[in-house]
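A.B. asks: Listed below, chain by chain, are the residues.
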Amino acid sequence: MSRRYLLIKVCSTAAVTGEQFTQALTASILKYFGEVGLSRINPKLIRFDSDESKAIVAYAKDHAGEMQAALALICQIGDSEVSTLPLKASGTIKGLGKRS
Amino acid sequence: MKDQLVLLRNYFLDSGLEVFLRADLTCSKREDLLKLLRRFRSAFDIISVKCTNHNIALVAARDRRVDLIFFDSARRNVWFDHSIANVSNATLELNTSTLFATSDHLTLTKLMKDVNTAQQHKVDTIISSGCTSPFLVKAPTQLSAIGMILGLSKGEALNSVSVVPSRIVGKNVERRSRNYIEEGVKVVTRKD
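So the protein lines, in turn, are chains A and B. Here the first sequence is numbered in this note's numbering, starting from 1 and rising by one per residue. Here the second sequence is numbered in this note's numbering, starting from 1 and rising by one per residue.
Mixed in with the good hints, there may be bad ones.
Stated by the list, open to error - Calculated pairs, EDC-like style, for lysine to aspartate or glutamate (alpha carbon to alpha carbon, straight line, at most 16 angstroms):
1) B:Lys35 with B:Glu18
2) A:Lys9 with A:Glu52
3) B:Lys35 with B:Asp81
4) B:Lys154 with A:Glu52
5) A:Lys31 with B:Asp63
6) B:Lys122 with B:Glu182
Stated by the list, open to error - Cβ-to-Cβ under 10 angstroms is the rule here; a few derived chain B residues that face chain A:
7) Ser97
8) Ala145
9) Ser166
10) Ile168
Calculated directly from the structure, the hints in this document are not laboratory data. All C-beta atoms in this analysis are idealised placements derived from N, C-alpha and C, irrespective of residue type, glycine included.
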């Protein structure tokens, strides 16, 4: 199964850790697509830069739409309001390099 | 109020941003809606109506002065049913912010039903964030991805955040220009 990589800007009212972001993303996919959707999208946090609030997430190439929707539907992590903004998608992590 | 709107528009124009003003009308009686439409249609680029009951939804859908109609998905007494879709001249707006307001699946189900009805009657749909806070603002690609969850095809979802909104704005800008007389009639040249 080929993978794509997405560079995401995470805007929040309080600092967010990579673990919290992963939990929120997993919860969002589970809520809207279920266990089957989660295994199909197969998201994996590759890198999380808490200083710049940017994340790189890998996902299955055929499920880009679901991945984008799940990210858009994250509105809260813990007590802080959160907004995610996809900056760039690429087939390689190196391809995201210029903006990460 | 018109002066304030002109000021606001010029403020953004100075920063290089083109602004289109929108008014959301909410009322529960037909007479009130017609009164509001008479008052605000000429001042705003986009007029949308929040359908609080079936009667208002029918009037708003029929009236050609209304550009958008939207429903509060958290309310169960009114939805975009076939009788409204059948007479609709307006575009159906789907607000994704309603998905965040409630935690149950019923809101999602209701939005999916609305999309299905709109597709059956070939009513245009637009997807908007309906945001009340900066954190609820979504990118167009994200909104179209949510549209695909709701049952729109990929093409329809992309159109709902690009082609359909720009068509509505373009049509209204033309309508509000001084050369516009009525539908199908406009001034081509003017002798000064």
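A.B. asks: Have a go at the Ala145 of chain B hint: is there a Cβ in chain A nearer than 10 angstroms to its own Cβ?
C.D. replies: holds (4 angstroms)
A.B. asks: How about Ile168 of chain B: closest beta carbon in chain A under 10 angstroms, or not?
C.D. replies: Since the shortest Cβ distance to chain A is 23 angstroms, the answer is violated.
A.B. asks: Grab the minimum C-beta distance from Ser166 of chain B to chain A and call the hint holds if it beats 10 angstroms, violated otherwise.
C.D. replies: violated (21 angstroms)
A.B. asks: Holds or violated: Lys31 of chain A and Asp63 of chain B, Cα atoms, limit 16 angstroms.
C.D. replies: violated (38 angstroms)
A.B. asks: Hey, Lys154 of chain B versus Glu52 of chain A, does the alpha-carbon distance stay inside 16 angstroms?
C.D. replies: Given pair Lys154 of chain B, Glu52 of chain A is violated - Cα atoms ~32 angstroms apart, limit 16 angstroms.
A.B. asks: For the hint on Ser97 of chain B, does the least C-beta distance to chain A fall short of 10 angstroms?
C.D. replies: holds (9 angstroms)
A.B. asks: Decide if the proposed pair is consistent with the structure: Lys35 of chain B and Asp81 of chain B, CA atoms, cutoff 16 angstroms inclusive.
C.D. replies: violated (25 angstroms)
A.B. asks: Has the given pair, Lys122 of chain B with Glu182 of chain B, been kept, meaning a C-alpha gap of at most 16 angstroms?
C.D. replies: violated (25 angstroms)
A.B. asks: Take a quick look at whether Lys35 of chain B and Glu18 of chain B sit within 16 angstroms of each other, Cα to Cα.
C.D. replies: violated (29 angstroms)
A.B. asks: Taking only the CA atoms, is the gap from Lys9 of chain A to Glu52 of chain A under or equal to 16 angstroms?
C.D. replies: holds (8 angstroms)
Hints 1, 3, 4, 5, 6, 9 and 10, counting from the list given before, are not met by this structure.
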